[in-house]
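Each protein sequence line maps, in turn, to chains A and B. Letter by letter, the first sequence follows residues 1 to 288 of the working numbering. Letter by letter, the second sequence follows residues 1 to 112 of the working numbering.
The set of hints was computed from the structure by calculation and includes no laboratory data. Treat each hint with caution, since some may be false.
[Said to hold, decoys possible] In silico DSBU-like pairs for lysine-lysine, Cα to Cα no more than 35 angstroms straight-line: (1) B:LYS85 / A:LYS160; (2) A:LYS252 / B:LYS47; (3) A:LYS139 / A:LYS160; (4) A:LYS139 / B:LYS85; (5) A:LYS160 / B:LYS47; (6) B:LYS47 / A:LYS139; (7) A:LYS255 / A:LYS160; (8) A:LYS139 / A:LYS255; (9) A:LYS255 / B:LYS47.
As the structure is a computational prediction, the values presented were derived from the model and not from experiment.
Here is what each chain is made of, one letter per residue.
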Amino acid sequence: MHATVVLGPVDVLIIFLVSIVAGFIGAMFGLGGGVLIIPFLTLVEGVPVPLAVGASIVSVVATSSASAATYVQDHLTNLRLGMFLEIGTVAGAITGAFVSVFLPASYLFILFGIILLYATIVMIRARGIDFPANVRPDKTSRILALGSQYEDHSLNRVVKYEVTRTPLTVFIGFFAGIVSGLLGVGGGIINVPTMNLVSKIPVKVASATSNFIIGVTAAASASVYLLRGDVHPLLAAPLIIGVAGGALLGTKVLKVTPPTRVKVAFGILLAAISLLMILKGFSLPVVL
Amino acid sequence: MDLNKLVSYSLRIGVFASALLSLVGLFVWLASGFDNIVSAAGSEIGKTLASAFVGNDSGIIYLAILILIATPVFRVAISSVYFVKEGDRKYVLISLAVLSMLIFALVSGYAG
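Pulled out of the complex, with its shape left as it was, chain B reads as follows (with noise of 0.2 angstroms):
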């Protein structure tokens, strides 16, 4: 698979599986008589995100939130994969460069 098909796929279906996660959270909080939702910061992130999985409507979109973010770093890890199966090293760095700053931003997210 050529590397535009490859970045054009994984962005495709990052988007639709948030996009549906976020409808999906939306209805539940409808059907819930859309209760008072508050959010979440640092840790109580996780607790939140396992809430996904008995249904609350909160976690579902922290998840579809999640898998958003996620896009655009896997898109840039997936590039790297591809420049490394093709041996173009000018461009292996130019990715893993990006790739270790976004990880950058999210451990330091944490500490912050």
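Isolated chain A (complex conformation) (with noise of 0.2 angstroms):
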């Protein structure tokens, strides 16, 4: 038996109109578009967890397919870096998918919330700097040749980088990976700060990878919970047509806005998310 809910017309349009906003923002900051997804149906439209976890992997899919179009075109996502961390990520969302049977969902938004938190200090703490200087590839990123380079249209100039640390960011991967399987997020919002303050990448390079990534990650999520039959027709179809639209947008945007604004942007979010959902998680009354 699985959990069900019943949707008017006017609550299909509804989801639709937000998941405008949050494919533009996932599309923006990496993230898929999930960190909005979720609150929303469960405090606004009083969807049941498991239900809006699985709308939410779906257009986190739906999210990352559509920016990474532009994305890849556009030479904004490193592939090769891509390719490589989704070996951590996938094999945590597996993880992720299989071990969220046995959490509650309490604990779910208070795991969320802390993590959230956390990145918000550490790119707070980062906010200033456009690209890191001196950054020295290590042994995995000169083998597999992860350093490029990307037109940057705020600066109008190429902006060239290596990849550093890259063992390291592909293992927190793999724990971004657990938390894509457990919460429908895509796991974005642990990879942009990794990529960002671990291995050095610029934060647009980041975001675009990290939406490039989370499609693959969420898939993977995305299977085991539609056969679980948390999947909603009704919850799903806004959504995918919601997210792709509002995705195309944020594309356009991040590629025009300078890379100190994103990152302050990028924080901001995350804090009120993050505190949101801790309050959440100790069931207090929370107005979004």
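Dock chain one against chain two, each of which comes alone in its own frame, and use the hints as you go.
Quick look at the structure:
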């Protein structure tokens, strides 16, 4: 027996409108948009947590695929790095999808909130730095030729960058994958600061590469949720259309936004969401 | 075709097809007086999917969801083929590792 929910045309319309915003933010910050979808569906629409997570996972796949289509073409995504990191995140996602059955929802919210709060602090502390200087590629990075370049439209120049401490980023990516499997979020909340702060990758490349990765990570979890009956068609349909549209807008905005501003916006977004989720976890009345 | 274009087109086509089918599914649902739809699980999904071809709203949306989930998987698969053609052994191994885990997720989902 699985959870269910009754939805009318007005609910579907509201979900569609909110998912445009989620797709936009998800595409800009490499988050997939699940961080907004889950609280919205559970707190506003009264959707049971398993169905909200299932719907969110589907929306993450849509955000990722729609935004990555643009980022990959513009060479903002580091394809080789993305594919290598996927080994960690996909393994984590499979692990996470299976342990979620044993964890109650309130703990999930608190766990989610604390992880996000930590990411916020790390990100805000490094907000003023455009690009890290004197980055030496590690052995893995040299063997796999991970260093690359992209054209930054906000700075009007080509930015060359190296990738360092690759194994640690893959290791952390495994835990990001677990979070994705547990909560219906692509794990981008962890991957973006990790790529930026541990591996010294420019923040916009980190966001675009995260967007590329989370589609595959979420697809691994999505198949599990789908077969379990946690993907509701009337939640999925407006979400897919909405986030795909919002994601296309988000990619256009990220291209022309200065890197330092991306970091600050990312930090503010994370702080707000993490506090909200922690409050919810402790069963306090939270209005979104 | 270079890898960036190949990956980009695969993703674009998958998302577009899925969004279009979602839209069709929602219109059918509205036209039929928005009946109460419930989610399917396990083997019911196959039956629901089959109903897409007789114009069932839930079935059409399930088809959209399936195409969407298949899109990143297809992207990994087509990347593997590209690396094989390029003779890039390291990346053949990397993409095949990801692909086999994705296939495992699908198979174990059936079991669980």
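Hints, verified against the model:
1. B:LYS85 / A:LYS160: Roughly 28 angstroms separates the two Cα atoms, so the pair holds.
2. A:LYS252 / B:LYS47: Status violated; Cα separation ~40 angstroms.
3. A:LYS139 / A:LYS160: 18 angstroms, holds
4. A:LYS139 / B:LYS85: 26 angstroms, holds
5. A:LYS160 / B:LYS47: 52 angstroms, violated
6. B:LYS47 / A:LYS139: 51 angstroms, violated
7. A:LYS255 / A:LYS160: Given that 35 angstroms is the threshold and the Cα spacing comes to 16 angstroms, the pair holds.
8. A:LYS139 / A:LYS255: 31 angstroms, holds
9. A:LYS255 / B:LYS47: 44 angstroms, violated
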